[in-house]
Structures are given as structure tokens and as C-alpha cells.
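A.B. asks: Residue numbers (numbering that gives the first Met the number 0), protein chains in the order written: chain A, 0 to 303; chain B, 0 to 245.
No lab work stands behind these hints, which were simulated from the structure alone. Bear in mind the structure is a predicted one, so any value in this text is a computation, not a measurement. Note that the Cβ used here is the ideal one computed from N, Cα and C, for glycine as well. You may find that some hints are simply not true.
As the list claims (entries may be wrong) - For lysine-lysine, the following DSBU-like pairs were computed, each having C-alpha atoms within a straight-line distance of at most 30 Å: (1) B:Lys66 / B:Lys240; (2) A:Lys79 / B:Lys225; (3) B:Lys66 / A:Lys205.
Stated by the list, open to error - Here are some, though not all, of the chain A residues that point toward chain B, as calculated from beta-carbon distances under 10 Å: (4) Pro31; (5) Leu35; (6) Ile37; (7) Phe52; (8) Ala64; (9) Gly71; (10) Pro75; (11) Pro206; (12) Asn268; (13) Val270.
Said to hold, decoys possible - Reference excerpt, derived from the structure (chain B facing chain A, CB under 10 Å, subset only): (14) Phe214; (15) Ser221; (16) Gly227.
Now for the letters of each chain:
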Amino acid sequence: MVNLQTTLSGLVLDNPVIPASGTFGFGEEFAPLYDLNILGSISIKGTTQNPRFGNPTPRIAECTAGLINSVGLQNPGVEKVVTQELPRLATHYKKPVIANISGFSIEEYAACAARMDQAEQVGIIEVNVSCPNVHGGGISFGTDPAAAAAVTRAVKAVTDKPVYIKLTPNVTDIVSIAKACEEAGADGLALINTLLGMRIDLKRKKPVIANKMGGFSGPAIFPVALRMVYQVYEAVKIPIIGMGGVSTADDVIEMMLAGASAVQVGAANLVNPWACRDIIESLPERAQKYGISSLAEIIGGAHI
Amino acid sequence: MKQGLFEIKENVRIAPDMYEMALQGDISAVTVPGQFVNITLDGFYLRRPISVHDVDPAAGILRIIYKAVGKGTEAMASMTPGGTLDVLTGLGNGFDIQRAGKNTLVIGGGAGAPPMFWTAKALRDSGRNVTAVLGFNTAEEVILQQKFEAAGIPVIITTADGSLGIKGFVTAALADLPAPDYTFSCGPEPMLRAVYDATACGGQFSFEERMGCGFGACMGCSCETKYGAKRICKDGPVLEKEEILW
Numbered sequence: 000m001v002n003l004q005t006t007l008s009g010l011v012l013d014n015p016v017i018p019a020s021g022t023f024g025f026g027e028e029f030a031p032l033y034d035l036n037i038l039g040s041i042s043i044k045g046t047t048q049n050p051r052f053g054n055p056t057p058r059i060a061e062c063t064a065g066l067i068n069s070v071g072l073q074n075p076g077v078e079k080v081v082t083q084e085l086p087r088l089a090t091h092y093k094k095p096v097i098a099n100i101s102g103f104s105i106e107e108y109a110a111c112a113a114r115m116d117q118a119e120q121v122g123i124i125e126v127n128v129s130c131p132n133v134h135g136g137g138i139s140f141g142t143d144p145a146a147a148a149a150v151t152r153a154v155k156a157v158t159d160k161p162v163y164i165k166l167t168p169n170v171t172d173i174v175s176i177a178k179a180c181e182e183a184g185a186d187g188l189a190l191i192n193t194l195l196g197m198r199i200d201l202k203r204k205k206p207v208i209a210n211k212m213g214g215f216s217g218p219a220i221f222p223v224a225l226r227m228v229y230q231v232y233e234a235v236k237i238p239i240i241g242m243g244g245v246s247t248a249d250d251v252i253e254m255m256l257a258g259a260s261a262v263q264v265g266a267a268n269l270v271n272p273w274a275c276r277d278i279i280e281s282l283p284e285r286a287q288k289y290g291i292s293s294l295a296e297i298i299g300g301a302h303i
Numbered sequence: 000m001k002q003g004l005f006e007i008k009e010n011v012r013i014a015p016d017m018y019e020m021a022l023q024g025d026i027s028a029v030t031v032p033g034q035f036v037n038i039t040l041d042g043f044y045l046r047r048p049i050s051v052h053d054v055d056p057a058a059g060i061l062r063i064i065y066k067a068v069g070k071g072t073e074a075m076a077s078m079t080p081g082g083t084l085d086v087l088t089g090l091g092n093g094f095d096i097q098r099a100g101k102n103t104l105v106i107g108g109g110a111g112a113p114p115m116f117w118t119a120k121a122l123r124d125s126g127r128n129v130t131a132v133l134g135f136n137t138a139e140e141v142i143l144q145q146k147f148e149a150a151g152i153p154v155i156i157t158t159a160d161g162s163l164g165i166k167g168f169v170t171a172a173l174a175d176l177p178a179p180d181y182t183f184s185c186g187p188e189p190m191l192r193a194v195y196d197a198t199a200c201g202g203q204f205s206f207e208e209r210m211g212c213g214f215g216a217c218m219g220c221s222c223e224t225k226y227g228a229k230r231i232c233k234d235g236p237v238l239e240k241e242e243i244l245w
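Build out the structure end to end from the sequences listed, making use of the hints.
C.D. replies: Structure, rendered in C-alpha cells:
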């Protein structure tokens, strides 16, 4: 028997597999497909203080082993998420969820986190710092250690729930951002968000995506994600949720060896709606194949 | 929604760049005309969403007609019978034919024509009077004319260059027809808009958008409607006339 259990800031997960924010909605489309309660947790659709339609379409471009999306944080706003989406999700899913929040100002992050703090279902608040800071020249909070730390402090000040900062890979040195968040009081880190990418439609000779650029995800980015998890693990003591192109049980095991305490699965859900179930079902056999009896014991195992 | 492996029974060219493929497998989730399927192709990350052209429940066969417009659909065009495809079926809301009146028009433009065949047959079987208007650019692109006729559904062809049927777009045919009491349309957005403007009655319009997942998870294909944001893949592809915002 392989022990799949893992822990994030005291929250015990039955297994490390978590669908990533933005690829699983609020679970509604997946609930008819398999019992969601097999999941370690669920990171819900990125939520902002106010409702957002998001970006113009086309929002999607295909790539080799991945896709680019520029959805633009379409969501019904935190009030509706807490009063409607979370209760609906609770009918399918009985475990604590991860609330993924975004903001365009420090105040918005804090307001969103404060509302999520009141939701009993929320076990962890995951803070997406990839958004542009509208009061800071539009530069993403996550690209500046001081801004990322400021968001961390603002969110920590309004909640007692564990706060995980979801880091953008579109930086020169992700380790310095990770350390700044840890020093500012983050309980954990989630990485990586999507890589900024682009495709051009050869027939129209113009960008495929209406917003020109978008976030690149899928198996193509797995080695980049794995490398960043590995580097950040060496630099911080707080737990890491690893993600980026994870599609198989073997990818999950690699991520954990690099230093992830839990692993999110994103793009894979979009092409195989049963991806998380398939990964969870094959984890014991794959772990056994590599002589692993407890996943928690292999976290960071690739480091000397 | 169901996922299944389908065997390619047939894959033939029916017009320049247009192919018809027959797929055999579990079609139990394919229940409403206007729905689509989403197909995995070797070497391509995203599935290819393609509308259902027709179904044969007794044989477990669904038919799709697709245009080879990119590398994925070009790869499909070269597939041969006997091969298998991983297909998600039963996607999208499809047309609600119960809302149709007695005298219904089905209107299809180019690659939007194929789903109108099953739609028209379902309307015919429900006792409605159905006329089809199919629009194309040129005579050589015309598809499905004989199929509609063989099914006993009157069909009017329009071509933009006048090389077959009425010269002009599908709206050119509407002028000569008695005013319908309901319409079902699928085609490029300018065609949908033209039909919307040219008809006084209610109707349903099937839209196209670049999709990520095809089943409502990624919000890649959202559009704004009178009743808020809708996902073309899940809440659509069919929208009611009165909710459409252009």
C-alpha cells in the first residue's frame, strides 16, 4: 500500500492532486464525470472583488504540447462566489477548497481575501499576483519582490487561513520573489502560473489572440515549472504547491521530488476531463514502480 | 458528455477542402441536432470541435462534415477507414426544435450547412414544414443539395458569384420565400447577423468561437448576451434570437 497523503499548512490532503484554478471552474462541469471527493483539494476559478467578463475573444491559441489562454479572469465576483458558487460546489465536494483570488490593487486583494475568510469551505487562500497593478504603472505585482510582499502582508492581515502566493514565472529571478513573500508572512507558495506567450495566425498575419498575448500552459512548460519549484524549494522553508504542465502520475512524483508538497493539474483537465481522476488512480501503481511507499516522504527528495 | 473511441468508417472529400467522416461508436450522448463533438488528433494538444451532421442510431454512427482549414483538420482529411479517434460527444446545447413554428426555415452557410441537415430532418419528423436555404461562395463549394432533396426537404441554393442557384448570400433567397414563423441558422457571423436583421420572426443561431476545452471549464469561448456571459461551448453554441448582442 502506498500512502498518498500529504499536508499543506496543517491541512491534510488524501492525495497531492488538485485541479488548478481556471481549468476546473467551480467543479460544476466535472461533478457529473467522476466523484470529485477523490481530489486532494480543488483550486477554484480565480476570483476578483467585482464581476468580470474578461478579455475579448479569441482567447485561446493552440501550441505544440500546450495552449495559450487570455481569458482575463472572467468570474462572477467574490460575493456571488461565496454565496452561490461555493455552496453549489459543497453539494459535490465535501473537503476544504483553495480559493484563488486576484486583484488590481492591494485593497482589492485584501477585500477579496477578507470575504473568502468568512467562507468555511475555504481551507487555503491562493493569491494570484500575476495581475497588473493599476496604481503601479500596470506592472504585475508578482514581478517585483516589494509589491509581492505588500500583497502578501495585506492578505495576511485580513485572514487567519493559510495564505499561499501563486508566483508568476515571467521574472528574472523567481527565488527573490519567493523569499520576499516568505519574509512577508506567506504560509506557502504555488508555482508556476502561465508563461507569457504568443501565436500569429499565418493566414491573417495577425496575433491569434485578441489581446495579442496570453498565458502559455500545458506539458511543454513542465520542465520550466519543475526547475523553478526545485530552485524555490532550496531557498524557502514554507510548503510549495507545484504546477505547470503536470499531466501524469509520473509528473506528480517528479514535482514532489523537486520540492512540491502538493501538485496542481491545469491544462490537462481541458483535453482530458478525467485527467485528475486518471492521475489519482495511477499514482499508487506508479509510486510502487519507483519504490515509493509514502509520497510525503519524497518531497524535495531530488535535492542532495 | 461522454468520451469514447470511435472507428472511422468513411472519410471522403465532398467538395474542395470539405470532407465527410462517418464515426462508429457509443453515440448515446449525441441527442440533439446542433450539438458538436470534440476530437483528439495525434500530435495536436487541443481537441477539434466539429458539429454533428447526422446520426444513425441503429448503426451507432455519427457523421461530421469538416473543412480542412488548418494542420489539424488537414491531418484528419488524410485519415483512412479502420483508424480510431478519441471523441468527446454530446457537447453544446443544440437546437431546441420544440420552439419552432409550423413553417420553419433552416439556413446554413458554407461549413455551417452540415448541422442543418439533422436539424431539418428532426423538424420534418416533428410535422413542421421545413425549407432549407444553403449559401456558398461558388457552385463547386455546394454540398448537401441532393441529400436534402432525397430527405424530402425543399432546398434553395445561393452562391455569392451566382454560379449556382440564386446569386448572392442566403438573405437573397429570403425575399422570394413566404415569411417563416421561425428560423434555425448556422454559418459565419456576418451571415447570422444578416439573417437576424432580415427576419421578423424568432429563431435560433449557432455560433462559432475558438475553444479551449469544449465543455464549459476554461471560459475560453465566452460571449456577452442580454442575460450575461455565456460560454459558446456549453451554454451555446445555439443562442436564442432575443438574447443575442452583436
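A.B. asks: Compare the structure with each hint and give your call.
C.D. replies: These are the hints, each one checked on the structure:
Proposed proximity of Lys66 (chain B) and Lys240 (chain B) is supported: the alpha carbons are some 27 Å apart, at most 30 Å. Under the criterion of a C-alpha separation no larger than 30 Å, the hint pairing Lys79 (chain A) with Lys225 (chain B) is consistent with the structure, at around 19 Å. Among the hinted pairs, Lys66 (chain B) with Lys205 (chain A) is consistent with the structure: their alpha-carbon atoms are about 21 Å apart, no more than 30 Å. A distance limit of 10 Å between C-beta atoms decides the matter here; for Pro31 (chain A) the minimum to chain B is near 8 Å, and the interface restraint holds.
The restraint placing Leu35 (chain A) at the interface with chain B is violated, with a minimum CB-CB distance near 13 Å, outside the 10 Å limit. Interface hint at Ile37 (chain A): violated, since its Cβ lies 17 Å from the closest Cβ of chain B, which is beyond the 10 Å cut-off. For the restraint placing Phe52 (chain A) at the interface with chain B, the shortest Cβ-Cβ distance is roughly 5 Å, inside the 10 Å limit, so the hint holds. About 6 Å separates the beta-carbon of Ala64 (chain A) from the nearest beta-carbon of chain B, less than 10 Å, and the hint is met.
Checking Gly71 (chain A) against chain B: minimum C-beta separation of about 9 Å stays under 10 Å; hint holds. Nearest Cβ of chain B to the Cβ of Pro75 (chain A): about 9 Å, under the 10 Å cut. The hint holds. The restraint placing Pro206 (chain A) at the interface with chain B is violated, with a minimum CB-CB distance near 12 Å, outside the 10 Å limit. For Asn268 (chain A), the shortest C-beta to C-beta distance to chain B is roughly 6 Å, which falls under 10 Å, so the interface hint holds.
For Val270 (chain A), the suggested interface contact is upheld, since its CB lies about 6 Å from the closest CB of chain B, less than 10 Å. For Phe214 (chain B), the shortest C-beta to C-beta distance to chain A is roughly 6 Å, which falls under 10 Å, so the interface hint holds. Because the beta carbon of Ser221 (chain B) sits about 6 Å from the nearest beta carbon in chain A, less than 10 Å, this interface hint is met. Satisfaction of the interface hint for Gly227 (chain B) is found here, the shortest Cβ-Cβ separation to chain A being roughly 9 Å, below the 10 Å cut-off.
Of the numbered hints stated above, those contradicted by the structure are hints 5, 6 and 11, listed in ascending order.
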